[in-house]
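Peer 1: Quick mapping for you: the protein sequence lines, in order, are chains E and H.
The first sequence begins at 26 in my numbering and counts up one residue at a time.
The second sequence begins at 757 in my numbering and counts up one residue at a time.
Honestly, I wouldn't trust all of these hints.
To be verified - Not close to chain E: a few residues of chain H, all C-beta gaps over 10 Å, as computed:
no., residue
1, LYS768
2, VAL821
3, GLU827
4, GLY894
5, LYS900
6, ALA904
7, GLY909
Unchecked claim - Cβ-to-Cβ under 7 Å is the rule here; a few derived chain E residues that face chain H:
no., residue
8, LEU59
9, ALA249
10, PHE250
11, GLY300
12, THR332
13, SER334
14, LEU721
15, GLY729
16, LEU731
17, LEU761
18, PHE770
19, ASN774
The hints are simulated quantities; they were obtained by calculation from the structure and are not laboratory data.
Every residue gets a Cβ at the ideal spot worked out from N, C-alpha and C, and that includes glycine.
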Amino acid sequence: MSVSPDALVEIAEEVQDQQPEDSGSGREIGNRRLRKEDQRLITGRTKWTDNIVLPGMVHLAMVRSPFAHARITGIDTSAAAEAPNVIGVYTAADFPEGLGVCANAWPITPDQVTPDHLPMVGERVACAGEIVAVVAARSAAEARDAAELVDVDYDELPAVLDGMEALKDEVLAHPDKGTNKSAFWKLDSAEAGTGGNVDEAVAAAREDGIVIEREYRQQRLVPAFMEPRSTVVDPTGEQVTMWTSTQVPHILRFLIAATTGMPESKVRVIAPDVGGGFGGKLQTTPEEFITLAVARRLGKPAKYTETRSESLLSAHHGRDQYQKLTLSATKDGTVTGLKVDLVANLGAYVAIVGGGVPVLGAWMFNAIYKFPAYQFNCQTVLTNTTWVDAYRGAGRPEATYAIERIMDELAAEVGVDPLEIRERNWIKHEEFPFTSVAGMVYDSGNYEAATARAKELFGYDELRAEQKARRESGDPVQLGIGVSTFTEMCGLAPSRVLGQLSYGAGGWESASIRMLPTGKVEVITGTSPHGQGHETAWSQIVADRLGVPFEDVEVLHGDTQVAYKGLDTYGSRSLVVGGEAVVRAADKVIEKAKAFAAHLLEANADDLEFSGGRYAVKGTDKGIGITEVALATFASHNYPEDLEPGIDADATYDPVNFSFPHGTHLCAMEVDTETGASRMRRYVCVDDIGHIINPLIVEGQIHGGLVQGIAQALWEEAVFDDNGTLVTGSFVDYTLPTAADTISFVTENTTSPSTTNTLGTKGVGEAGTIASTPAVVNAIVDALRDRGINDIQMPCTPHRVWSAIQGAGGAMATPAEGQPHFHEDAPTNADPGTTGEGSAQ
Amino acid sequence: MTRISVTVDGVKYSDDVEPRTLLVHYLRENLGKVGTVIGCDTSNCGACTVHLDGRSVKACNVLAVQADGHEVTTIEGLAEGGQLHPMQQAFHEHHALQCGYCTPGMIMQAIDILKDNASPSEEQIRAGLEGNLCRCTGYHNIVKAVSAAAEAGAGSKAGE
Ligand code: FES
Ligand code: FES
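Extracted from the complex, chain E is given alone in its bound form:
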């Protein structure tokens, strides 16, 4: 069939006639647009990886180690190989060339101890769940049945599980390495020239001031995305195609090529519909490499989908830090110094950015406060546990928790309201841009505005009055108010900064815009959404920029053949970096099309104005629409001789700075002092995330983030028994919050636009998670502070709260149960501060 250009013009005109009147008028940004993504998701027309069925496809089941640390003395696969419809059973020995490597992309120091992380091991397992064999069969059920028949002999080795134990180097996670210590990383403001000497500050405060020392435990969590990970590999044809439930198709493709030797151009990675990630799917996984290897070995498509139990054990975990903070202040509560010592448990291997996650805290512990002196020390250690990496917030929730907890302790010590102590120390709105003691330049913010609004929405004074009344009446149900005035760094990240930190990649993002002849617009983004709504938000941005209808914009992503260049989605970077790349690509299209418009209008390009999708000759009613220009360049019958006929454009944007969202979160908790049960009464947050593209999506991100952070405070913890078996290995024991556990939230925004990107956006994906954990724990502690309780270890289960109440006979609380300390003689968690009298008001 051939279509004449004239017919195309007609089609395009028809299309334009159908456009709704109010579209393309520069009003998309800020609209509560309902999501484009929803239709397929609410009707079940989804493309989850596990849905994919291909001719001749084999199904895989993994044989995993039940032991945390063991030598493999023999593997007998014969019974499994005989089982019905089994196509093959493979061990590491069957792949003498290897299967690729689960690489660490961020060695935080040049001498970091980084054990080789191979997808399948043949000699020694270093954590439970490690894969020792794989079965390929005609159905998933047959593969699983046969996997049970693989007979592996293990010689158990002593295992080290806890970070503080690992530090002692008595039991080694990897005996060949000679130590469990992976890397030590330090930031000192005096050495860096960004502030004073913290030891001097603390010494001075010990003489005449306040020193507060606290130890906090960041328990281990599981990201627990709802869609179990799944990978399908089709090796037929010239190119190998991998569909996988990942946040990082581009990084995965690169690392497959880099570690298997396959030419990158022969590998296509597709992230179809992906059911959540929260950092948990930014790994290059053993399962992906194994599925690839088996498919290539058999020359047949192969699929692997994990069970939930496998997921909880084998997908990477998050958090797991011991934190020690020493805060110095003058007697009136003006902070003078902060020293942070961290021990971060990396698990058995240094995951893709596992070593770097705790280090991200280096720039965040100082938070919104004007510490004149600061030191951050981080020791990462290896253990025989599931590897640990980014989980929503990645390093920043840990830091925020600790600083927001200890600011409450300072308030208690000084005897003022927690908000007052914060205000005394935070950066004032007129002080931006502000260079922090950690060397970050905070470009914008207004802590006063967010806090004032949050107090108002919360009914702060009324709730304080109620708290007082309940205390006075001896109500068994006490009320606590928790404050969290957080900031975070988003928009990962300026590539040069990452280079200085030895990060293995850049932090740019890519976008392309294709102007189709029929007036439709395709936006290709290097970000890889898995619930965030990029299809909707990017459409809004482009609709405004190009003056085309929202409905006419199609966003393509998550397929390395379509979006060949990208750095994917994590670290609240997608809008701030990827969205800005989209803006720049659109601006290039506008600029390119202008020359064609001038030519078609027989006008001088300088006399053209672009607005609402139209180039108009200033002072006349002559003009031409950008989609008309697109059609004209498609026909190419008439265009300037010195130009190529095309107005599509690519942009790669490398941010110049991070962005710094902030907010004030207020939480009221009712604590039943007789049972230890706590109940959330009210939660209000006012977040300043800069300009908002779609308020509906923003609210959703905040709500979801809040519940994940609240879950850390109250419910979730990944627990290993003494043998290294994950006790919380199913959803029966790893207790995700349900609708019945949670409440509805009050969310609002104040706006101080980011000054480092065109849109003025800051990022919102992690804000709720980062802010809410300390708000909740501060509230529980606040409810009980008059009993001398100044800490409860997370998750604050009724049992822990009850135990703290029982132990709180006098002025001091018992230390949080079971919490190891940095030094045997270190002050307990109930360190009384300089006065020795405890911090009860």
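Please arrange chain H with the ligands on chain E, whose structure you already have, making use of the hints.
Peer 2: Chain H with the ligands in isolation, oriented as in the chain E frame:
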């Protein structure tokens, strides 16, 4: 192998299945009804929720043979004549989904809640959704969507 006849989303199917086959696997693998998904192996998550003779069940908790002679409705069979079910529409309008993985189960369960109680309180909605996990939304907008659907009279539709 056992012979079963099941009506799924209005279409009658007859198949030989292994007695151990779970309904959710039968739907996904035999019938290609992949709109219904699997989120766990302990019947905790509710992602697999469908209606069996009009009431919600976790399809990972029912054997395919138990559905023999019965009627199953999945998320794929909800919209009628291209018209979204009011609950689907409410989920869309209130941004009650992000990644969408829990959504089929949530919608099926939400409809079931309204069958018992056409105008539930927030607390009753939350209690009714207790067996369905969502990691993305924090439930806030799901609860809002269900209550909006109830107000719009989805309960009467659900009862049909
Ligand atoms: S798959 Fe989780 S309850 Fe059925
Ligand atoms: S929307 Fe992702 S799990 Fe509910």
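Peer 1: All hints are to be evaluated individually against the structure, with a verdict given for each.
Peer 2: Consistency of the hints with the structure:
The non-interface label for LYS768/H is consistent with chain E: the shortest C-beta to C-beta separation is roughly 20 Å, beyond 10 Å. With a least beta-carbon separation of about 15 Å from chain E, VAL821/H lies farther than 10 Å from that chain, consistent with its non-interface assignment. Every CB of chain E is more than 10 Å from the CB of GLU827/H (nearest about 17 Å), matching its label as outside the interface. Residue placement check: GLY894/H does not keep its beta carbon more than 10 Å from all beta carbons of chain E (closest about 4 Å).
The claim that LYS900/H is not at the interface with chain E is violated, since a C-beta of that chain comes within 10 Å of its own (minimum 8 Å). Non-interface status of ALA904/H relative to chain E is upheld: no Cβ of that chain comes within 10 Å, the nearest being about 13 Å off. With a least beta-carbon separation of about 19 Å from chain E, GLY909/H lies farther than 10 Å from that chain, consistent with its non-interface assignment. Taking 7 Å as the C-beta contact cut-off toward chain H, the hint placing LEU59/E at the interface holds, the least distance being around 6 Å.
Nearest Cβ of chain H to the Cβ of ALA249/E: about 6 Å, under the 7 Å cut. The hint holds. Interface restraint check: PHE250/E against chain H, minimum CB-CB distance 6 Å, threshold 7 Å, status holds. Annotation: interface hint on GLY300/E holds; nearest CB of chain H at approximately 3 Å, less than 7 Å. With a least beta-carbon distance of about 5 Å to chain H, the hint placing THR332/E at the interface is held under the 7 Å criterion.
Among the interface hints, the one on SER334/E holds; its C-beta lies about 6 Å from the nearest C-beta in chain H, closer than the 7 Å criterion. At a threshold of 7 Å, the smallest CB-CB gap from LEU721/E to chain H is about 5 Å, leaving the interface hint in force. Residue-level restraint check for GLY729/E holds (minimum Cβ-Cβ distance to chain H is 4 Å; threshold 7 Å). Look at LEU731/E: its Cβ gets to within about 6 Å of chain H, closer than 7 Å, so that hint holds up.
This hint holds: LEU761/E has a C-beta 5 Å from the nearest C-beta of chain H, less than the 7 Å allowed. The restraint placing PHE770/E at the interface with chain H holds, with a minimum CB-CB distance near 6 Å, inside the 7 Å limit. At a threshold of 7 Å, the smallest CB-CB gap from ASN774/E to chain H is about 16 Å, leaving the interface hint violated.
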